[in-house]
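The listed protein sequences correspond, in order, to chains A and B.
The letter at position 158 of the first sequence is residue 756 when you use the numbering used here, and the numbering goes up by one with no holes.
The letter at position 230 of the second sequence is residue 274 when you use the numbering used here, and the numbering goes up by one with no holes.
Mixed in with the good hints, there may be bad ones.
[Claimed, not checked] Under the rule of at most 27 Å between Cα atoms (straight-line distance), these lysine-lysine pairs were calculated in the DSS-like manner: (1) A/LYS773 x B/LYS360; (2) A/LYS756 x A/LYS726; (3) A/LYS769 x A/LYS756; (4) A/LYS756 x B/LYS257; (5) B/LYS349 x A/LYS952; (6) A/LYS756 x B/LYS349.
Calculated from the structure, these hints are not laboratory results.
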Amino acid sequence: MKLSFPYMGPTIVYAKLLELLGHDIVMPPRPNQEVIDLGVKYSPEFACFPFKVITGTYLKLMEEDVDTFVTSGGHGPCRAGYYGEAHKRILADLGYDVEMIIIDAPSDDYKYFYNILKKLKGNNSWIKVLQTINIVYKMAQALDELERKVEILRAYNKNSKFNKIWMDIEKNFYKIKNLSDVKNLKAKYIDKLSEFNNTIPAEKERYRIGIVGEIFVVLEKSINYQIEEKVNYFGFETERSQYLSEWIKENIIPFAGRDLEKIANKGREFIEINIGGHARENIGHILDFKERGFDGIIHLKPFACLPELISQSVADSISEKYDIPILTISIDEQTADANILTRIEAFLDMIREKRYREVV
Amino acid sequence: MENLYLGVDIGSVSINIVALDKNNELMFKLYERNSGNPIDVVKNGLKQFKKKINFDKYRMGGVGVTGSGRQLIAYVLGADTVKNEITAHARAATYYYPDVGTIFEIGGQDSKLIIVEDGLAVDFAMNTVCAAGTGSFLDHQAERLGIPIEEFGGLALEAERDVRIAGRCTVFAESDMISKQQYGFTKPEIIKGLSEALVRNYMNNLVRNRVLKEKYIFQGGVAANAGIKAAFEEELDAEIIVPEYYDVMGAVGIAMLARRDILRNKIKTGFRGFEITTEEFKTRSFQCGECANNCEVIEVIADEKIIAVTGDRCGKWTASLEDRVRMDLNRRDASSNLQKNQSKHKSENDIYKNNEDKEKIVRQELEELERSEEISGIKK
Numbered sequence: 599m600k601l602s603f604p605y606m607g608p609t610i611v612y613a614k615l616l617e618l619l620g621h622d623i624v625m626p627p628r629p630n631q632e633v634i635d636l637g638v639k640y641s642p643e644f645a646c647f648p649f650k651v652i653t654g655t656y657l658k659l660m661e662e663d664v665d666t667f668v669t670s671g672g673h674g675p676c677r678a679g680y681y682g683e684a685h686k687r688i689l690a691d692l693g694y695d696v697e698m699i700i701i702d703a704p705s706d707d708y709k710y711f712y713n714i715l716k717k718l719k720g721n722n723s724w725i726k727v728l729q730t731i732n733i734v735y736k737m738a739q740a741l742d743e744l745e746r747k748v749e750i751l752r753a754y755n756k757n758s759k760f761n762k763i764w765m766d767i768e769k770n771f772y773k774i775k776n777l778s779d780v781k782n783l784k785a786k787y788i789d790k791l792s793e794f795n796n797t798i799p800a801e802k803e804r805y806r807i808g809i810v811g812e813i814f815v816v817l818e819k820s821i822n823y824q825i826e827e828k829v830n831y832f833g834f835e836t837e838r839s840q841y842l843s844e845w846i847k848e849n850i851i852p853f854a855g856r857d858l859e860k861i862a863n864k865g866r867e868f869i870e871i872n873i874g875g876h877a878r879e880n881i882g883h884i885l886d887f888k889e890r891g892f893d894g895i896i897h898l899k900p901f902a903c904l905p906e907l908i909s910q911s912v913a914d915s916i917s918e919k920y921d922i923p924i925l926t927i928s929i930d931e932q933t934a935d936a937n938i939l940t941r942i943e944a945f946l947d948m949i950r951e952k953r954y955r956e957v958v
Numbered sequence: 045m046e047n048l049y050l051g052v053d054i055g056s057v058s059i060n061i062v063a064l065d066k067n068n069e070l071m072f073k074l075y076e077r078n079s080g081n082p083i084d085v086v087k088n089g090l091k092q093f094k095k096k097i098n099f100d101k102y103r104m105g106g107v108g109v110t111g112s113g114r115q116l117i118a119y120v121l122g123a124d125t126v127k128n129e130i131t132a133h134a135r136a137a138t139y140y141y142p143d144v145g146t147i148f149e150i151g152g153q154d155s156k157l158i159i160v161e162d163g164l165a166v167d168f169a170m171n172t173v174c175a176a177g178t179g180s181f182l183d184h185q186a187e188r189l190g191i192p193i194e195e196f197g198g199l200a201l202e203a204e205r206d207v208r209i210a211g212r213c214t215v216f217a218e219s220d221m222i223s224k225q226q227y228g229f230t231k232p233e234i235i236k237g238l239s240e241a242l243v244r245n246y247m248n249n250l251v252r253n254r255v256l257k258e259k260y261i262f263q264g265g266v267a268a269n270a271g272i273k274a275a276f277e278e279e280l281d282a283e284i285i286v287p288e289y290y291d292v293m294g295a296v297g298i299a300m301l302a303r304r305d306i307l308r309n310k311i312k313t314g315f316r317g318f319e320i321t322t323e324e325f326k327t328r329s330f331q332c333g334e335c336a337n338n339c340e341v342i343e344v345i346a347d348e349k350i351i352a353v354t355g356d357r358c359g360k361w362t363a364s365l366e367d368r369v370r371m372d373l374n375r376r377d378a379s380s381n382l383q384k385n386q387s388k389h390k391s392e393n394d395i396y397k398n399n400e401d402k403e404k405i406v407r408q409e410l411e412e413l414e415r416s417e418e419i420s421g422i423k424k
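Take the sequences, apply the hints, and build the full model.
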């Protein structure tokens, strides 16, 4: 069984999980023009952008004789729940026979989840599986904690310096074997990043932008045109609505705290019924960011994403009622870098001028 | 000596150059079609500028560049301020009309809506997926009807009847136009229909559910078109103001922003001088391929000498340029013979060669550092 999975965010986390369980894995390629072109060619035209990118990733991996994919499922009206099945059929039409292991939240169907787990467990004991999940979860947490720091510090330093540190972090975390490795690496990089703490200016000179939107385009830099780096470049800190460790905690780890649910409940004011995806969560996050004193929101929406289209249309009324600027950016393979840069720069200029004026 | 501030707007269809004096009076204005080589157009523009201005009385105070082609030209000119066109347009409009409420800006391939409150941009929108509703749409249709674009707008006012043209897409608009022509509608009527279609697109795609407030300013190249202006006035049932320098407002705005930055930060301009009109500029790009990011690295070369590197996310190539510039400067100080220097530069310019040895050393140092850090980390 040769395993692979879609490329999204800190992909080393899933790679590590499967690797530590003793599977033969192939690291998927980071989405680039070639992968996107492949995906666009073989996906239905009206499918959402993440679907197309994942199609491209799978097809590219066919060159490496991968026969099994592990991917996430989902429930509710969002089409992401059908991704696995649809991809399987697209690949079958092209003559590739692959197995899809679709991970749904255990709360959806305990039995199914147990069977999937058994498949992935292989010959390992259950204790080993739990240990592995623990290591990987701690690793995801460490990565997320470091990335949050990078997202703040990069705003006040040269982008390239922190991009390089982040690349080092990803590279070195991929080498970990056990919990103490995770601890040591985390401590090392926290120390390294703390050296730059003095570059953060006084509280009233800090600008913060919250980034919300569909999970794939929010997490995956190569798809969202490195939006965080662009915002940081103009001297604005960023924080995302989604971090992988939080997603794991909410969806996979049983009985863990449900902080995100509280945030999502704030979104009820604008979206009363569950429309799938992260629409209501995102509205909740916008309100949460506002309460925490953020200066603006960038909302990322894959072209043809239904839930985010709805959250875009309520964004206007949130913006007006809670006085927070929101910029929605629609992302697909047609988007040009220069165009995104212009929008972001104008948006950030607007926020800066506004604050400047209020102080004067 | 009085300072002049140069504003350059590199649009997709036109390139505009203006110069403002310290009182924001327009001293020089140039509107040129972008023929596909912006550097040449800017060079010619600078030649004209140099001829027209008396440089015994004036000197260059600052340079600002805006527009979709701003990055490259900013390197060529040594610009002090490089900003997007939305901010630039808002700046110029609010300067001339402090009580403006809504700015419509329609250029060659972008259309923008800027909402202003108390002289401050508070909201904006820009066309997203489609060029219907921009100048290129009109350009294309004018060509199809065989009418010069300059006369195009005026003709719409001669229309006697209304005709609705499908304006969702430039290509489909064309097929609709052909069929409407066969029904016997005249050219002015078709043009009027097109103007209305453009405004309808603009309203649907950009304005959407926003509430627009007086006063309305209409700028950008398309503001020259009387038919569009009339269509806007009919749609909004209000007066639309077209500023005197409607076609170069982006350049005016960026010149003002450059002046503000220079004064606020108390810096000297980085303008590279008028010699650039004789220099030869080139760009080249390559894919780095050293990691999964696969950055597209772009180099700007002036007279065989690399003046800028951009696009690398880890800073590897940018840093190598900075090192080289430092080396060049040292050498320039050491030797007064410029001619000799330049030939030396040439041999130094092969960045692939240049980096190999240095990189090895850096990599070794990093590895050693990492090893020692790892050891100390475990001890901790």
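Outcome of the hint check:
1. A/LYS773 x B/LYS360: holds (24 Å)
2. A/LYS756 x A/LYS726: At roughly 42 Å apart (the allowed maximum being 27 Å), A/LYS726 and A/LYS756 break the hint.
3. A/LYS769 x A/LYS756: holds (21 Å)
4. A/LYS756 x B/LYS257: Roughly 41 Å separates the two Cα atoms, so the pair is violated.
5. B/LYS349 x A/LYS952: Answer violated: B/LYS349 to A/LYS952 is near 42 Å, above 27 Å.
6. A/LYS756 x B/LYS349: Distance ~25 Å between A/LYS756 and B/LYS349 Cα, so the pair holds.
The structure fails hints 2, 4, 5 (numbered hints given earlier, in ascending order).
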